[in-house]
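Q: With chain F's structure known, arrange chain H on it following the hints.
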Amino acid sequence: MRIFLNDDAHDVEPGTLAGALEALGYGGRKIATAVNGRFVAAPARPVTPLSDGDRVEVVAPMQGG
Amino acid sequence: MSFYGVELSSRLLLGTARYLSPAILAEAIKASGAEVVTVSLRRESGGERAGQSFWSLVRALGVRVLPNTAGCHSVKEAVTTAHMARELFDTTWIKLEVIGDADTLQPDVFGLVEAARILSEDGFEVFPYTTEDLVVADRLVEAGCRVLMPWGAPIGSARGLNNVYGLKSLRAHFPDIPLVVDAGLGVPSHAAAAMELGYDAVLLNTAVAEAGDPVAMARAFALAVEAGRTAYLAQPLEPRDMAAPSTPTIGKAALGD
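Residue numbers (the working numbering), protein chains in the order written: chain F, 881 to 945; chain H, 438 to 694.
Pulled out of the complex, with its shape left as it was, chain F reads as follows:
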């Protein structure tokens, strides 16, 4: 199925948010996530299923003012 992660299209195996993140190189990283504009806490990623066309946001710490 195809998901959009930070606006980029990725073809991933059907499964959970945690699975997709692992497959796309985010394993073990300090990140926060949202799916379709809704925050998904880290403990919920393994039980959050993704559907074709879902929009996933992945953010990391960054400099700020």
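These are calculated hints, taken from the structure and not from any lab test.
Cβ atoms here follow ideal geometry from the backbone N, Cα and C, with glycine treated the same way.
Check the hints yourself; a few may be wrong.
Said to hold, decoys possible - Derived lysine to aspartate or glutamate pairs resembling EDC-like cross-links, with alpha carbons at most 16 Å apart:
(1) F:Lys910 to H:Glu633
(2) H:Lys467 to H:Asp650
(3) H:Lys605 to H:Asp650
(4) F:Lys910 to H:Glu524
(5) H:Lys513 to H:Asp545
(6) F:Lys910 to H:Glu485
(7) H:Lys513 to H:Glu551
What the hints assert, rightly or not - Which bits of chain F does chain H cover? Going by a derived footprint, with three or more residues having C-beta under 8 Å, they are:
(8) 899-913
(9) 916-929
Stated by the list, open to error - A partial selection of chain F residues facing chain H, derived with a Cβ cut-off under 10 Å:
(10) Leu885
(11) Asp888
(12) Gln943
(13) Gly944
A: Then chain H, alone, in the frame of chain F:
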């Protein structure tokens, strides 16, 4: 001074953006004496490591972080960003920005109050980036904010305190709420002026980060904040229209014709 029960000795809060290198950022934070630094969050691809190395740097400095919701233009965006920040940085503190105008980065105070209420009810400790408007400040306090951060001038503008009267009114109206001038400061004298008004602290970023020598400027701001605070406690003179001779005239020799 304390924010939400956390005692702090430094009254200078520093942003972490726009420095030429991580090493200069680290040195500037040390030179400023800041115990709180602002941070943000941005998209990161699977191959990037910038966010992870930045986080390692901040942790090594041992400072407390105040994540922001910079760039958010709606309540929904700001609230979702705050939730992501709380998890990412493991803090309930959030510098809440809901931007209403792209040119001036002026806060959307209506959205700000709404987002502050939602987040406060959800356990966040909100530091709202607001204007000097008294009524908005009242609404923010009603919404649960226990710190207010009015702007001095638009972010990055280096204009200093645009509305001294408004900032003084806010101080007088909220004697017990920690007030922080956030944004728009350009030079240390601006920070000193804010502190002389009785503000509890100042928050700045660009004035240090984009100075020719950010580390020296961080030190200069630290000195100015300390000077301004000391002056406030020393109870400055009120300005007057006419001269008042400082040298006593009694006993002056009569040497005229």
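Q: Does each hint hold? Answer for all of them.
A: Here is how each hint holds up against the structure:
Taking the CA atoms of Lys910 of chain F and Glu633 of chain H, the gap is near 41 Å; set against the 16 Å cutoff, the hint is violated. Among the hinted pairs, Lys467 of chain H with Asp650 of chain H is consistent with the structure: their alpha-carbon atoms are about 14 Å apart, no more than 16 Å. For the proposed pair Lys605 of chain H and Asp650 of chain H, the alpha carbon gap of about 32 Å is over 16 Å, so the pair is violated. For a cut-off of 16 Å, the pair hint linking Lys910 of chain F to Glu524 of chain H stands: about 10 Å separates their Cα positions.
Taking the CA atoms of Lys513 of chain H and Asp545 of chain H, the gap is about 13 Å. The hint holds against a cut of 16 Å. Taking the CA atoms of Lys910 of chain F and Glu485 of chain H, the gap is about 12 Å. The hint holds against a cut of 16 Å. For the hint linking Lys513 of chain H to Glu551 of chain H, the alpha-carbon distance of about 10 Å falls within 16 Å, and the restraint holds. Taking a C-beta to C-beta cut-off of 8 Å, the stretch 899-913 of chain F contributes 8 residues in contact with chain H, enough for the three needed, and the coverage statement holds.
Restraint check on the stretch 916-929 of chain F versus chain H: 5 residues with Cβ-Cβ distances below 8 Å, three needed, restraint holds. Evaluation of the Leu885 of chain F hint against chain H yields a held restraint, the C-beta minimum of about 8 Å falling below 10 Å. Taking 10 Å as the C-beta cut-off, the interface hint given for Asp888 of chain F holds, the closest approach to chain H being about 8 Å. A hinted interface residue such as Gln943 of chain F counts as satisfied when its beta carbon comes closer than 10 Å to some beta carbon of chain H; here the least separation is about 4 Å, so the hint holds.
Among the interface hints, the one on Gly944 of chain F holds; its C-beta lies about 3 Å from the nearest C-beta in chain H, closer than the 10 Å criterion.
In the structure shown, a violation is registered for the earlier hints numbered 1 and 3, in ascending order.
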